[in-house]
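Protein chains: 2
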Amino acid sequence: MEKVKVIIMGLGAMGGGMADMLLKKQGVEIVGVVGRGKMLGTSMYDHISTPRGDREDVIVGAMEDVITEKAADVVLLCTDSFTRKAFDKIKFIVEKKINVISSAEEMAYPMAQEPELAKEIDRLAKENGVSVLGTGINPGLIMDLLVILMTGCCEEVHSILSRRVNSLSPFGPAVMEEQGIGITVEEFNKGVQEGTLAGHVGFHESIRMISDAIGWKLSAPITQSMEPIVTDVDRKSPYGFAKAGNVAGCAMKGFGYVDGELKIEMDHPQQIEPEQVGVQTGDYVIINGVPNINMVNSPEVPGGIGTIAMCVNMIPQIINARPGLHTMIDLPVPRAIMGDFRDLISEEAKIVK
Amino acid sequence: MEKVKVIIMGLGAMGGGMADMLLKKQGVEIVGVVGRGKMLGTSMYDHISTPRGDREDVIVGAMEDVITEKAADVVLLCTDSFTRKAFDKIKFIVEKKINVISSAEEMAYPMAQEPELAKEIDRLAKENGVSVLGTGINPGLIMDLLVILMTGCCEEVHSILSRRVNSLSPFGPAVMEEQGIGITVEEFNKGVQEGTLAGHVGFHESIRMISDAIGWKLSAPITQSMEPIVTDVDRKSPYGFAKAGNVAGCAMKGFGYVDGELKIEMDHPQQIEPEQVGVQTGDYVIINGVPNINMVNSPEVPGGIGTIAMCVNMIPQIINARPGLHTMIDLPVPRAIMGDFRDLISEEAKIVK
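Residue numbers (our numbering), protein chains in the order written: chain D, 1 to 353; chain C, 1 to 353.
Derived by calculation from the structure, the hints in this document are not laboratory data.
Using N, Cα and C, we set each Cβ at its ideal position, and we do this for glycine too.
In silico negatives: residues of chain C with every beta carbon more than 10 Å from chain D:
| id | residue |
| --- | --- |
| 1 | Lys38 |
| 2 | Ser81 |
| 3 | Arg123 |
| 4 | Glu178 |
| 5 | Thr184 |
| 6 | Gln193 |
| 7 | Val201 |
| 8 | Met226 |
| 9 | Asp234 |
| 10 | Phe241 |
| 11 | Ala244 |
| 12 | Tyr257 |
So the derived list for chain D, only partly shown, Cβ under 8 Å to chain C, looks like this:
| id | residue |
| --- | --- |
| 13 | Trp216 |
| 14 | Ile293 |
| 15 | Gly306 |
| 16 | Ala336 |
Whole structure, please, built from the sequences with the hints as guidance.
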């Protein structure tokens with residue numbers, strides 16, 4: 001069988017990390033990279049950690065030049081957070097008869113906030129005989145799929161608390177700005193009011209993924225809250241700095257109600273240098289049910305590596321899937337790929353023969 | 001849509017618990033129960049916790065009388081631990097064109113120890129257009145599927161330790177005997193040598209499920225060890241008693257090697273009244289990889305409820321699956337069913353229309 005052929009669209013921290021990961025794996029190769037502006041015409045190896053060595057070069061190109069009909073088995077689309085922004089790119093790729101895995105948070109469960117676009121993506125994918133999936137560490141695994149899996153050993157579920165306490169220290173300037181690191185409480189509150197602080201994108205997707213999976217019908221719109229984590233001491237991370245009294249993080253919560261009762265709660269405080277103030281990071285799954293579940297993974301799965309791994313590791317599942325829009329709850333579980341990618345692909349599902 | 005029709009074969013602790021669970025759920029009904037001996041002709045309600053109330057009665061019958069062609073959408077087969085013992089029953093059910101979920105530990109991954117029978121089950125299932133799955137709490141979820149899921153956010157996996165420290169106190173006389181509770185160390189060691197102590201069945205299945213899922217080829221046969229847990233104090237559980245100096249539990253380990261290196265270790269000490277000696281029970285997933293995973297669910301998911309829930313909760317997945325033998329790694333993740341079973345079944349996959 002031909003190696004599994006991958007095109008990466010967007011060579012930022014996520015797309016670049018996926019390239020590095022793929023270069024260590026067997027039976028898979030990067031056949032194209034889509035970029036923009038000054039990146040066009042440069043080598044992929046100028047933008048990632050892995051040295052080129054004696055590998056064939058991969059030159060960054062424009063979407064129209066790189067993504068041609070059946071040019072690859074899958075495109076890893078790493079450019080957006082929102083379905084609406086990713087839609088035209090997904091449409092373009094699908095019409096070239098190539099499968100898509102998107103790291104856009106909303107794409108993890110696009111029916112939550114963009115039901116019309118989700119239907120249209122499903123229709124386009126089926127029409128072109130390919131599959132589309134959104135995934136990542138969160139949404140995609142920690143605050144939703146892992147929770148759903150653990151309800152699998154429950155006779156009854158009364159309520160769910162999904163908590164992710166994580167460090168933002170490894171992230172770069174863009175995340176520092178999105179989360180309000182270093183600004184004053186006043187500036188933070190203004191940002192919340194004006195909707196300019198992004199915070200975490202994904203509660204709507206995680207809550208709907210859980211409620212749909214276990215068969216709860218939400219009785220009210222999903223709500224969320226956003227509070228500053230004010231630091232008592234100066235905190236400094238590679239790309240962030242928060243003076244004592246200012247904002248060192250952003251604590252978000254999300255709420256899903258069934259018959260007027262709070263059934264699904266998301267609790268996601270993110271901050272720089274949590275260990276400096278004795279905060280233990282971790283991923284928590286707390287299910288009030290029969291039986292109760294009281295699970296913690298500590299420290300938390302790092303967001304960057306986790307998203308990179310989830311997107312790459314789901315490649316076989318999305319190639320093998322029936323045509324259409326998929327989510328993590330209708331595909332076989334993600335898993336690390338320590339062998340040859342080709343061993344996991346069914347012959348008839350392969351696009352590049 | 002007609003309700004999802006279920007036949008339960010074997011009305012012991014597991015089958016009976018599944019009946020109780022199903023009676024609380026919507027869109028599903030028990031249309032038959034298969035039993036033997038003195039149970040024949042009695043009411044199902046004589047053997048389970050749920051009172052009959054004004055429900056229609058279900059009379060325990062012989063296999064040939066209850067399991068007729070397309071009499072149900074699925075049979076929950078709760079009679080055996082070993083594939084070889086369950087095989088004739090699975091063959092009988094499948095030839096009546098009904099899906100099967102088996103709680104037999106070896107059936108969780110029958111290709112591990114019975115590759116020929118696994119092939120034959122797959123062939124028979126395909127020939128008859130139905131599906132077969134083995135599942136339970138362990139093997140089936142805690143020491144394998146959960147581990148596999150967590151490797152999904154890993155770029156690399158170096159080694160895996162899967163540990164389940166659980167209490168045997170809720171279990172009855174059969175489990176006390178299988179695990180050697182209350183016997184002397186001498187008797188225990190004799191039982192190990194002569195192969196009369198069952199201990200935990202499932203390491204071969206869990207290790208092969210993990211290694212196949214992530215693409216490790218085992219380089220040596222799977223090995224396991226079995227040691228007595230000797231108690232310093234008298235321990236007493238509802239069905240077990242161990243005098244100080246005697247056996248209060250059974251500590252099993254399993255080992256999977258890749259290229260001569262220990263890559264997958266299973267550690268599963270089971271005992272009565274662990275809290276009496278300060279042992280904290282729990283389910284642990286420890287992955288040495290990129291990133292590391294360090295997860296614990298404490299206390300452990302109870303084995304009985306967990307197995308009951310897993311078998312019932314996988315009913316939609318096995319009805320919807322393509323014909324053939326399936327395992328937990330090729331189906332969508334298990335989840336609690338808090339809504340109507342029919343909402344989860346695809347019309348064309350339903351057997352009893």
